[in-house]
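The whole structure should be built from the sequences, with the hints applied where relevant.
Chain by chain, the residues:
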Amino acid sequence: AQTVTQSQPEMSVQEAETVTLSCTYDTSENNYYLFWYKQPPSRQMILVIRQEAYKQQNATENRFSVNFQKAAKSFSLKISDSQLGDTAMYFCAYDNYGQNFVFGPGTRLSVLP
Amino acid sequence: ETGVTQTPRHLVMGMTNKKSLKCEQHLGHNAMYWYKQSAKKPLELMFVYNFKEQTENNSVPSRFSPECPNSSHLFLHLHTLQPEDSALYLCASSSGTSGREGETQYFGPGTRLLVL
Chain A
23 AQTVTQSQPE MSVQEAETVT LSCTYDTSEN NYYLFWYKQP PSRQMILVIR
73 QEAYKQQNAT ENRFSVNFQK AAKSFSLKIS DSQLGDTAMY FCAYDNYGQN
123 FVFGPGTRLS VLP
Chain B
3 ETGVTQTPRH LVMGMTNKKS LKCEQHLGHN AMYWYKQSAK KPLELMFVYN
53 FKEQTENNSV PSRFSPECPN SSHLFLHLHT LQPEDSALYL CASSSGTSGR
103 EGETQYFGPG TRLLVL
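Protein chains in written order, with the numbering used here: chain A, 23 to 135; chain B, 3 to 118.
No lab work stands behind these hints, which were simulated from the structure alone. Certain hints may be false.
[To be verified] Simulated pairs of lysine-lysine, DSS-like, Cα-Cα distance not exceeding 27 Å:
1) K100(A) - K54(B)
2) K54(B) - K21(B)
3) K92(A) - K43(B)
[To be verified] Here are the in silico distance ranges between beta carbons for each label pair:
4) Q30(A) - L116(B): 22 to 32 Å
5) H28(B) - E83(A): 36 to 46 Å
6) T18(B) - N80(A): 49 to 59 Å
7) S97(B) - Q91(A): 47 to 57 Å
8) T82(A) - L29(B): 22 to 32 Å
9) S96(A) - N59(B): 29 to 39 Å
10) R85(A) - S22(B): 35 to 45 Å
All of these numbers come straight from a predicted model, not from anything done at the bench. For glycine and all other residues, C-beta sits at the position ideal for the given N, C-alpha and C.
Here you go:
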């Protein structure tokens, strides 16, 4: 079974600094999708960024970018110029073409003023 | 506002009660999902519906009964729950047009359930 691991239960970063959240996953599949979702204190979970495994280019979305290392099965999220509104739980997720959708345990990120 | 709404937002029920959670999506999607988010466990996928047909049931106890009358509405009927069922229940939807593979899911705000 596929698993997703986020080894950092909690992290903090100073406003305007850069932080990287780690995610590793276990799969024997070659094609799949990876996601980072953000869940602010309001509890409404929203998509941050999405990566297709067959694409070598790392996905980027404004201040958010990923470092996708397929061989290492690693999918880290980098947040640049951190803002107070980035404070949230961040979930890494794996989607095997609709067969399995698995979330990691989450990393609680606090952005400090 | 993500276009997915859930009611009620908070629910307290006894173990002998019967209640229902409601989810509605206004995005024109065809796939809908129920998730359970407990305090100490990863987000757990419970049920998946695609075009009103249940396509996944991840070994969920029968005290949870989903219903999908149409592509816009999803219910989770609850009966004889246990205290360990207390959690945040999240609904999500996706377009469902590609068999839901790799689709972005849009989440509702969740229902915070407490079972006494």
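Hints and how they fare:
For the given pair, K100(A) sits about 38 Å from K54(B) by alpha-carbon distance, which is inconsistent with the 27 Å threshold. As the CA atoms of K54(B) and K21(B) are separated by approximately 21 Å, the hinted pair is consistent with the 27 Å bound. Distance check on the hinted pair: K92(A) and K43(B) sit about 26 Å apart at the alpha-carbon level, within 27 Å; holds. Under the hint 22 to 32 Å, the C-beta atoms of Q30(A) and L116(B), about 29 Å apart, fit the expected range.
At roughly 24 Å, the beta carbons of H28(B) and E83(A) sit outside the given window of 36 to 46 Å. Evaluation of the 49 to 59 Å hint for T18(B) and N80(A) yields a pass: the beta carbon distance comes to about 52 Å. Checked against the given bound of 47 to 57 Å, the beta carbons of S97(B) and Q91(A), roughly 29 Å apart, lie outside it. In this structure the supplied range 22 to 32 Å holds for T82(A) paired with L29(B), their Cβ-Cβ distance being about 25 Å.
Take S96(A) and N59(B): their Cβ atoms lie about 31 Å apart, and the range 29 to 39 Å holds. The hint said 35 to 45 Å for the Cβ distance between R85(A) and S22(B), and at roughly 40 Å that hint holds.
Checked against the numbered hints listed earlier, the structure breaks hints 1, 5 and 7; every other hint is satisfied.
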